[in-house]
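Engineer: Now for the letters of each chain:
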Amino acid sequence: MNEYRPADERFWHLADESCNGPLADDQLRELEVYLNDPNLRHRYLEHCRLHCELFLSIRGQQTVDDLANTLRDGMEMGSLVGSLPAVQSWDNATSSNSVSAFDRRLLQPASSNASVGRGPIAGLACRRGNILQRSLCLAAASLTIVGVFWTFWAYLIYSGRSDYLNRPTEGAMAAVATLTVERECVWQTDSRVRRPHVGQRLGVDDVILLHSGVAELTFASGAHVAVEGPCHFELQTTGKGYLRSGKLAAHVPPRAAGFEVKTPTARVVDLGTDFRLEASSKETTLAVIAGKVDLFPVSSAAGGRKSTSDPPRRVTAGQAVTIAAKANRTPIVQEVRFDAEWLSMVARALPRPGPPSPIVAYQIPENAAGNRRDFHGGVGLDFEVRVPIRVFSLGVFDHLGDGIDSATSPTVQLWSRDVKSTPQDTRDDVGHEVLASQVFEADDSGELKLGHRFKPLPKAIDLPVGAYSIVTYGLSDANPFIKFEEKHDVDFHTDPGWTGVNHTQGGNHFGWSAATNHTGEQAGEVGGVFARAQIDSFYGDTHLLNTLDLNQNINASGKFDISREWVESIGSGGFFIGHFSTAANDSTFLGLEFENAGGDDAGTKLVEVRARVCLPKGGKGASSDRAYISANGNHTFRYTYDPNLGENGRLTLNIDDQPALVTNLTDGERNSGAQFNAFGIGATRDLSSDSDPTKTVQVFIDDVSYSGCQATPGKAADSEESMVRLQMETSRGAIMPMGSRWADAQPGTFPRMLFGKKLSGIAAGSFEYGLKTEGSRQRAEGSE
Amino acid sequence: MALSDGQDFLPGFPSSQPMPELSPSECFLDCLRLAQGQVFGYIFAIVQNLDDTQDIFQQTNLVLWQKFDTFDGTNFGGWACRTAQLVALRHLREKRRGAAAFSDETLEKLTQTALEAEDLDSPRRDALEQCLKKLSQTDRKLIDLCYSSGQSVKSVAQQGGRSAQSVSNSLRRIRRALSECIHRTLMREGQS
Chain A
1 MNEYRPADER FWHLADESCN GPLADDQLRE LEVYLNDPNL RHRYLEHCRL
51 HCELFLSIRG QQTVDDLANT LRDGMEMGSL VGSLPAVQSW DNATSSNSVS
101 AFDRRLLQPA SSNASVGRGP IAGLACRRGN ILQRSLCLAA ASLTIVGVFW
151 TFWAYLIYSG RSDYLNRPTE GAMAAVATLT VERECVWQTD SRVRRPHVGQ
201 RLGVDDVILL HSGVAELTFA SGAHVAVEGP CHFELQTTGK GYLRSGKLAA
251 HVPPRAAGFE VKTPTARVVD LGTDFRLEAS SKETTLAVIA GKVDLFPVSS
301 AAGGRKSTSD PPRRVTAGQA VTIAAKANRT PIVQEVRFDA EWLSMVARAL
351 PRPGPPSPIV AYQIPENAAG NRRDFHGGVG LDFEVRVPIR VFSLGVFDHL
401 GDGIDSATSP TVQLWSRDVK STPQDTRDDV GHEVLASQVF EADDSGELKL
451 GHRFKPLPKA IDLPVGAYSI VTYGLSDANP FIKFEEKHDV DFHTDPGWTG
501 VNHTQGGNHF GWSAATNHTG EQAGEVGGVF ARAQIDSFYG DTHLLNTLDL
551 NQNINASGKF DISREWVESI GSGGFFIGHF STAANDSTFL GLEFENAGGD
601 DAGTKLVEVR ARVCLPKGGK GASSDRAYIS ANGNHTFRYT YDPNLGENGR
651 LTLNIDDQPA LVTNLTDGER NSGAQFNAFG IGATRDLSSD SDPTKTVQVF
701 IDDVSYSGCQ ATPGKAADSE ESMVRLQMET SRGAIMPMGS RWADAQPGTF
751 PRMLFGKKLS GIAAGSFEYG LKTEGSRQRA EGSE
Chain B
1 MALSDGQDFL PGFPSSQPMP ELSPSECFLD CLRLAQGQVF GYIFAIVQNL
51 DDTQDIFQQT NLVLWQKFDT FDGTNFGGWA CRTAQLVALR HLREKRRGAA
101 AFSDETLEKL TQTALEAEDL DSPRRDALEQ CLKKLSQTDR KLIDLCYSSG
151 QSVKSVAQQG GRSAQSVSNS LRRIRRALSE CIHRTLMREG QS
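Order-wise, the sequence lines are chains A and B.
Quick note on numbering: our numbering labels position 732 of the first sequence as 732, and the sequence is numbered without any gaps.
Quick note on numbering: our numbering labels position 69 of the second sequence as 69, and the sequence is numbered without any gaps.
Next up, chain A with everything else stripped away, as it sits in the complex (with noise of 0.2 angstroms):
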């Protein structure tokens, strides 16, 4: 529908022309003899909606801070319904001169009723919507104040921020809580905002405007809240705030309970707890430190004010989730990483904040296999503390997560590191001093996290700058540790034999490629050149060992290149990597897509991926959000699908080391019958909107790993391991992973041979640690 036939050029002119001036008459009868035609005529509202989709979108929210602050003070509104002129109506039959003594007093400006603890936002009426309202609401939009009303409709409607209309009004006397602390705060310069002091009792409709400082609040119903500039926070009940945007801590005693903190995107209900939020109008971050709370994300469909009517999601010490706005859908909530850097921004500013939650330096996902159980040596792994921090306890790695085995009693010890003055050269390291060591047995676990069981030390040990391993031995039979393997299964140096269909068709020119290295290390290559194409294509392994289905695992690794981005800074061309189906007219492929993007502002070229599962018919399906990746470059990828995880199932693909990219499948789409009987590279009719054989792009794939694969038979368990990670949490750079070591060696003796790479490696041991310029002190406390 969206072609552009040559002869219609003289009507896309006019059309064009007629969104940058006024036309002459001759051109608008010109134009108008094209718009008997219906589809031009469709296609002449189109065009017009997206010159005012650019109008609103660029000029409307550049205006939109000045409207809110016109709006806020409701001066304006107030005035202007004091002033008011003969109504002009439309239509007198259901106008109204009915200014009633109750709206009258809602259309007080705020500084007249500040004494009865209104905030900034109470004195707009029509923000509250009643019958009554609305026809005053007409009245004051006369054409006198075209201006402002226009403005106030763009503002709440454009923006979507109808939530001005929410708020509550009633109760506003009672005082809801009370300033306790004020740091450096800088309050927002608005004259009809209240600048409170400290010890001022605050009551509903107060806001908190903040350009920075920490501002600290106690509730009446004993929850202490502190909020970061900048930030607006309003008091709503005695047990109740809602933050638009910044920054907040929460410690909420068993009392308390119940407090409850919404935002644009989430309403999150205490239960008793430590936690930290952070809003804006599209996302808001909650991470719990103790205890736990209930999230409701709040769907935009609703303007904002609707709980999704899903039950909410529980939340606990040590989570830390994400809940972005999606427009007029409910927000997607997902699970990120607990960030104490972050945390410790409020954290300081608290009356009393809980423990700081120690980090897991290593982490691994919980009831992960060992695969090393001939070895019964010490395996360490070396790290660089750059940022001084202290050391709560020690763990050790956990088998299947159900216990250390009562055959075994693993020892873990932290050593500090002799580097030989080659820090960056483990291989000559000796261990220096043991600086801790913890014994663990099968009645004497400890407690399971991220894979590893922890045990917590008799006193925190604080570590320095400088360079440490932690060492474990005694892992065997009974409790194997992990060693990842970093194999693949085809490395395309000879012709894999894989099967193609219209890869060289329609501009595309794909296959193996026995003499290039786009992607690295030897030649042989699998991939080329993809053309913007309205077919199917695809080279790749049709013979897997078994056809795959969305009820068993399917996973996948390697390597790919791009280069040579699709010509135009817009395309619609697309290709994916992953399994799919072979048979004609069927779409299905899990894994990743691909569809390129413009530059980013350095002028780096950008492709966009995301983790796609894409169904038989009609293309539809599950994905990911987008990620965006430079095209020039070496990348790594991993995706693996578990249907046990989510409800039906759900797609998490890595590309490098960004943030995993994850999609859910629904129940439609896990019983939808799709099947994979092939894994390779291609593309679907579906990935491009048209065809041009000229706008192309050259992908390289290569060392891959796949389910399915018969490379290499009887593997499949073990790659299935390898798809666990290790990840080394370097709470931004405070520890940094040197690599890993083993060799026969018994506690108290330096393991001294070197092991892996640097990520990759082993999991055997690690150690929970808190960064010593958060809040140790109070752990310190906490633990003694």
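Wrong hints could be hidden among the right ones.
Stated by the list, open to error - Here are the simulated DSS-like pairs of lysine-lysine, each with C-alpha atoms no more than 30 angstroms apart in a straight line:
no., chain 1, residue 1, chain 2, residue 2
1, B, LYS133, A, LYS282
2, B, LYS109, B, LYS133
3, A, LYS326, B, LYS141
4, B, LYS67, B, LYS109
5, B, LYS133, A, LYS326
6, A, LYS282, A, LYS292
7, A, LYS282, B, LYS141
8, B, LYS154, A, LYS559
9, A, LYS292, A, LYS449
As the list claims (entries may be wrong) - Derived DEER-like restraints, expressed as beta-carbon distance ranges:
no., chain 1, residue 1, chain 2, residue 2, range
10, A, ASP549, B, GLU105, 53 to 61 angstroms
11, A, ASP656, B, LYS67, 52 to 60 angstroms
12, B, ALA164, A, ASP625, 35 to 43 angstroms
13, A, GLY668, B, LEU145, 42 to 50 angstroms
14, A, GLU335, B, LYS154, 49 to 57 angstroms
15, B, GLU105, A, ARG685, 40 to 48 angstroms
16, B, SER163, A, SER280, 37 to 45 angstroms
17, B, LEU145, A, ALA175, 47 to 55 angstroms
Derived from the structure by calculation, the hints contain no laboratory data.
All C-beta atoms, glycine included, are put in the ideal place defined by N, C-alpha and C.
Assemble the complex: chain A is given as a structure, and chain B must be docked to it using the hints.
Structural biologist: This is chain B only, laid out in the frame that chain A set:
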């Protein structure tokens, strides 16, 4: 692929029986928000002038608000366009007497077509935002300049030391690219 493929994934207008949580004014704003682009675009299509479009849109909103009780709940966008047509006609009669305008017949045809518009605003707005991000820096700057300042093509051209024709051509190319991109994005969103 027809756009309508994605229809079941687009949110509907708030129903004629408002959800209990929503007051009429909130319901009205939701409706208006979802139809804003359609109505605004429609008004522009018939008056071809942004200033007049804003005035008419604003007046239309007042009428819609006033008569919201009588809205039958089925097609807010269509109802709004119909109303806008009346407001616009009056506006054209009163303010732009003698200026070039479409014939009544063309207006009616345009209105009919506008009533059939399929896309709701919110997904389009998201799509537009995404697509704007994909523009090259130069293109984005030009678009921002033209739309944020309200300057004429001529003055933008002078400022950039280009001919008005070349700026027009660029704008045309960019709008076309954006339009393509929005369609594609909506199609894709519909799938997923």
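Engineer: All hints, please: hold or fail.
Structural biologist: So, going through the hints one by one against the coordinates:
1. LYS133/B <-> LYS282/A: OK: LYS133/B and LYS282/A at ~17 angstroms, within 30 angstroms.
2. LYS109/B <-> LYS133/B: 35 angstroms, violated
3. LYS326/A <-> LYS141/B: Given that 30 angstroms is the threshold and the Cα spacing comes to 27 angstroms, the pair holds.
4. LYS67/B <-> LYS109/B: 25 angstroms, holds
5. LYS133/B <-> LYS326/A: The hint holds at about 18 angstroms.
6. LYS282/A <-> LYS292/A: Measuring from Cα to Cα gives roughly 24 angstroms; hence the hint holds.
7. LYS282/A <-> LYS141/B: Roughly 25 angstroms separates the two Cα atoms, so the pair holds.
8. LYS154/B <-> LYS559/A: 50 angstroms, violated
9. LYS292/A <-> LYS449/A: It holds: about 17 angstroms lies between the C-alpha atoms, which stays within 30 angstroms.
10. ASP549/A <-> GLU105/B: 53 to 61 angstroms: Since the Cβ atoms of ASP549/A and GLU105/B sit about 58 angstroms apart, the hinted range of 53 to 61 angstroms holds.
11. ASP656/A <-> LYS67/B: 52 to 60 angstroms: Holds, at about 56 angstroms.
12. ALA164/B <-> ASP625/A: 35 to 43 angstroms: 41 angstroms, holds
13. GLY668/A <-> LEU145/B: 42 to 50 angstroms: For GLY668/A and LEU145/B the Cβ distance comes to about 46 angstroms; the hint holds.
14. GLU335/A <-> LYS154/B: 49 to 57 angstroms: Once the Cβ atoms are compared, 54 angstroms apart, the range 49 to 57 angstroms for LYS154/B and GLU335/A holds.
15. GLU105/B <-> ARG685/A: 40 to 48 angstroms: Holds, at about 41 angstroms.
16. SER163/B <-> SER280/A: 37 to 45 angstroms: Check passed, 42 angstroms falls within 37 to 45 angstroms.
17. LEU145/B <-> ALA175/A: 47 to 55 angstroms: 51 angstroms, holds
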